[in-house]
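Dock chain B against chain A, hints included.
Protein sequence lines correspond, in order, to chains A and B. Residues in the first sequence are numbered consecutively from 0, following numbering that gives the first Met the number 0. Residues in the second sequence are numbered consecutively from 0, following numbering that gives the first Met the number 0.
By construction, these hints were calculated from the structure, which means they are not laboratory data. Don't take every hint at face value.
Given that identical chains are not distinguished, each listed pair holds provided it fits within a single copy or across any two copies.
[Stated by the list, open to error] Once the Cα atoms are required to be at most 30 Å apart in a straight line, the calculated DSSO-like pairs of lysine-lysine come out as: (1) K164 / K192; (2) K286 / K132; (3) K164 / K28; (4) K381 / K557; (5) K382 / K664; (6) K164 / K493; (7) K132 / K104; (8) K413 / K104; (9) K340 / K321; (10) K597 / K286; (11) K192 / K523; (12) K286 / K321; (13) K340 / K598.
Number of protein chains: 2
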Amino acid sequence: MAEAALKRAPEDYAAAARDEVRRVLDRVKAEGRTSLTAPEGKLVCDAYGIPVPKEGVAGSASEATRLADSMGYPVVLKIVSPDILHKTEAGGVLVGLRSAEEVAKGYDTILANAKNYNAGARIEGVQVQQMLKGGTEVIVGAITDGSFGKLVAFGLGGVLVEVLKDITFRMAPATRQDAMSMLDGIQAHEMLKGVRGGDPVDREALADVIVKVSQLVSDFPEISELDLNPVFATKADAIAADVRIVLDFDAKPRPAVRSNEEIVTAMNRIMRPKAVAVIGASAEAGKIGNSVMKNLINGGYKGQIYPIHPKADEILGYKAYKSVKDVPGVIDTAVFAIPAKFVAAALTECGEKQIPGAVLIPSGFAEAGEPQLQDEIVEIGKKYNIRLMGPNIYGFYYTPENLCATFCTAYDVKGSAALSSQSGGIGMAIIGFSRSAKMGVSAIVGLGNKSDIDEDDLLAFFEQDDNTKVIAQHCEDLKDGRAFAEAAKRVSKKKPVIVLKAGRTSAGARAAASHTGALAGNDKIYEDVFKQAGVVRARSLRQLLEFARGVPILPTPKGENVLIITGAGGSGVLLSDSVVDNGLSLMQMPPDLDEAFKKFIPPFGASGNPVDITGGEPPRTYQNTVRLGLEDDRIHALILGYWHTIVTPPMVFARLMVEVVEEMKAKGKVKPVVASLAGDIEVEEASQYLYDHGIPAYAYSTELPVEVLGAKYKWARGAGLL
Amino acid sequence: MAEAALKRAPEDYAAAARDEVRRVLDRVKAEGRTSLTAPEGKLVCDAYGIPVPKEGVAGSASEATRLADSMGYPVVLKIVSPDILHKTEAGGVLVGLRSAEEVAKGYDTILANAKNYNAGARIEGVQVQQMLKGGTEVIVGAITDGSFGKLVAFGLGGVLVEVLKDITFRMAPATRQDAMSMLDGIQAHEMLKGVRGGDPVDREALADVIVKVSQLVSDFPEISELDLNPVFATKADAIAADVRIVLDFDAKPRPAVRSNEEIVTAMNRIMRPKAVAVIGASAEAGKIGNSVMKNLINGGYKGQIYPIHPKADEILGYKAYKSVKDVPGVIDTAVFAIPAKFVAAALTECGEKQIPGAVLIPSGFAEAGEPQLQDEIVEIGKKYNIRLMGPNIYGFYYTPENLCATFCTAYDVKGSAALSSQSGGIGMAIIGFSRSAKMGVSAIVGLGNKSDIDEDDLLAFFEQDDNTKVIAQHCEDLKDGRAFAEAAKRVSKKKPVIVLKAGRTSAGARAAASHTGALAGNDKIYEDVFKQAGVVRARSLRQLLEFARGVPILPTPKGENVLIITGAGGSGVLLSDSVVDNGLSLMQMPPDLDEAFKKFIPPFGASGNPVDITGGEPPRTYQNTVRLGLEDDRIHALILGYWHTIVTPPMVFARLMVEVVEEMKAKGKVKPVVASLAGDIEVEEASQYLYDHGIPAYAYSTELPVEVLGAKYKWARGAGLL
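For reference, chain A alone in the conformation it holds in the complex:
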């Protein structure tokens, strides 16, 4: 059969493998079981080319010794019983049997132990297995996550790893590249390279097992859990010593997802509407429907505005209608500013009017213990194909259209960052920070209860929105993590996607659950899947905001060589720490470049990296060294450490740096430059000036500029640009 298989074309081989596994699973299902026996596990592994030890099942002690003789000693004996899942616990495993006598005796012992453990257990025999020796024990497995679906896992075997939880995940199916990245993705990855003179593992063989496991669970959604534990990884191969497969025949298939085209078409109408209806528009100051009207008008929106009100003829100078159905023209977006209990009826009218999007500001739904109210509007949305934003949100801003579809204050600093938040409070923090830090935004969107529109819909819209250069999202959960990750993987190739995942810690997750009714997932899974999808993860609210502000204005670096040029040696040390903390590489300075820098700095300055120009230097020393740093193509990014002195005051430094960067840009030398400014309060003005001119700069911080540069690098690496 093996030979016949080799002669088949790969796709036939894959089909044959699937047929083989299907037969096994069908039998298990027919027998009403939910887990595979060891021999069944072996059949499945064989079908998918996952290496397992030689083995056979013996029905008697003599059969066991015959099998053991044929595969060579030592061997392992294991009970085969559909009723005993935890074999070790049942005394159903004996290892290291070195002779026929030991095997015969072991056979009897195991049977006795099994009977003792569970007198009623059906015993199908004792498995005799080639015992694997040496190598590194690792674990390859797969789980089914509520949000991300099938995930493949990899870790080192052994008690210590269980204690340290040193394991890494990827969405299945995993590519070979994903699998290789998993080998480097565990804390103890050095172990795989061989320690204390031990052999390195065969990385290709190990990656192959990971890829095949991930393919297997993707092909068969009913495989809810799979464990190869341990896999013995040696310099020659990777063989799974034990296979455990658990099935869930009731697993529901993933609901069909909308096509990207469908999402983009609807989102474009909603986010860039030609006409907006305000349901619950009001002339009375203090009402939400009044704030929304004012924001639309005062924000400068140029499209049609239709106030909807049961009685009024006119609101704030606009003709009012009793229902959206009375409006003569097409409506793209309906903003709701009415109490929760009235939403369903008004939404149905929107459906009849064929409005593609509803912005549901009202609270009082799932978050307030009224899930049935939310279910009702979700059904209406589905029936009429209305996309729902919210409920329980502040609304949204889309600055290129001067559109403030919100009851919060109007926001008008245009720029290229698109932000969203699940929580209204965080949305307000985004608005305040944006205004304060002069961070231009293209959009700010509240997602609230996410009854329909969620992060991946926004990703699809911002992907094709030329006004957006970076996408920054705050979320507490992802209702469909897989859809998000797939969208992010595609979008992050083009634009940085930055995510602050709240509820990272178990305490945070509990708070999130009480806040939104959504159960937050295991944070390590988010961590790994975000990485797999090219998402840059922000660790704090301030980081989300600073990354959104700084990442889009930095050019993409062309390589990993980072150089620090500093006037303050002390800043150089702290900046070096930050470089390491943020996964960046301090360039190893080539001798000729070192000499070139030396010419510009005093003899007691330090060459190497950081280039320490020392504190008392005039502006031209900064100018000369930074120009050289931009000019030499071996250097890919610059971190500047400025020290406030009388000789080179803050604004002199700032203007000069902008000049040099502009001068070199004109010569085609474009590199990311960030700056840390140490000095008296004048450095704040200088930092703002630098930021306004394309150099993310921070006063009194040696960390923030490097964090922003690090985020740019993380994105560029994930997007395959480095």
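The following block gives chain B in isolation, referenced to the frame of chain A:
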């Protein structure tokens, strides 16, 4: 002998133990060796009561079997040779020998291997050792660090731990409490509690080994390295299976340190002088000596000011002198503003004038490749007992005396934080931040090259300075880490000591070395010793500054129960994450308290912790819940999450919170309260107002307020107040 020992008094026993070890070491020294043989190691362990397995040295195969028979099988055989340190590598170790035959054969094998490895090695026999089984393999060791001296180390045994570097250090001698904290101080500490049904280790026995090792290396400074690897830790005991001791008979004793009284007397004269001389005072604007004079005068210093100048009769209205020796009165502090090459001569005159302190602003010493210039002034300082601050510094500020002994701008925001920096650039960042954030300071001190006065001198001064409530230090190295740690351990019991250790990473350490010529130590050692000394470690420059600003204004919490009260559910989730990140504990809400909070919040708000009062609430909901939070003695600290709404605008919230806190303070209910404000830019003013009134508050950040609270808690725990 053992019985005789038991009858002795403990101090006699200790003396006898020291005598025993002294005899062993003397013999090793006499023989010109620098390491102990295994039997010598056993003697040393026996003397100090460190448990080791039964063992003996055999000179023949038959002697080996006789020994093995007497101690029981299995046994281990090990070569005994002063010329073979790495026994395993030499094939000089055989384990698990189960019979007399195996032992006899093993004896011959080991001898053959040893000859093969090193034909010239002197073979003293083969050690036969009881083989320890089961338990958890751990490592206890000791090293000699250039800055901290003797350190005791603890970690788990095995390859994986070597890879993960999961090891923890304490200064020796370690107390029992130190030793117990080490058991919890490794990443994989769960291992010691028993996993997968394994037994927990005997923590007392393990701690005992650690304490004894730390005492041994403290008693014998010539023991430069010691390794007990592995120690088998079981539920009953902890036995060291292998002992390795390396000696350094050339080790220099630690130089005598000044008494605290001596340090404080000198530092008080320097920092709070009755008279200051400015050597190199100048009337010419732009000169350093001019800036120093102006800062002294304009800063409002009320003591005597004596300008020293070779020619001038008067400078800025003050009578000038040619030399300090010409000044009629006593001088406490001489500020140097002359080039490096003139310092030595002027310093000698200061010595002759019996001035106790010199503030050496000039650069051009060790940092500029002129170590001999620095050596020269250090010698003069020693000769005349002048304490030297610097050289290569900005000087210092001591605001209670209105003293600005610096060439930087005058600084006048008085407060209770004393800051210092090794680097001038960082000093300027401290000044800028302090002014910008309105952080009141008692002192800002530049330490620069630290030729004499360093961090521990400042600790001694600020300890007894009633104007200082918190001490925050930036350093790149510690010239005498032990003196620092001992001072910090004492001082941190009274006042928080916060340290930003730059050069944490290897890249940072390299930059530090090029910057100051000081070799930065292993960061894990700093981490652990700081903890042992009660030092709160800042992870970034901004953290150092924010901790210095916030920690002194927070009252000390009386317990670990932290409660979050938030208007924004989203902030509650992020604040919960921060609580975990900063080592704080979210209080488990007792049912009666939960009910009490529920009365104040809307039915759809979330009770529990965080208390989510929801966003649309009026001021009284914040007031009621925060008052309850302050009133109930089971709650020890509050974190507030504010959400900007029209109903409760930022300044209304801020004033109200200050009112409630004041009201409860009047009733004796004093607790730390911090706040995170999410909203439009008005929250910045509200945050500043809150901060000014004792509530550290941050706009657009859910991390910073919790970090500050976390720092207060870390300090309180280290000081034994919790």
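Looking back at the hints listed earlier, which ones does the structure fail to meet? Numbers 2, 3, 4, 5, 6 and 8, in rising order.
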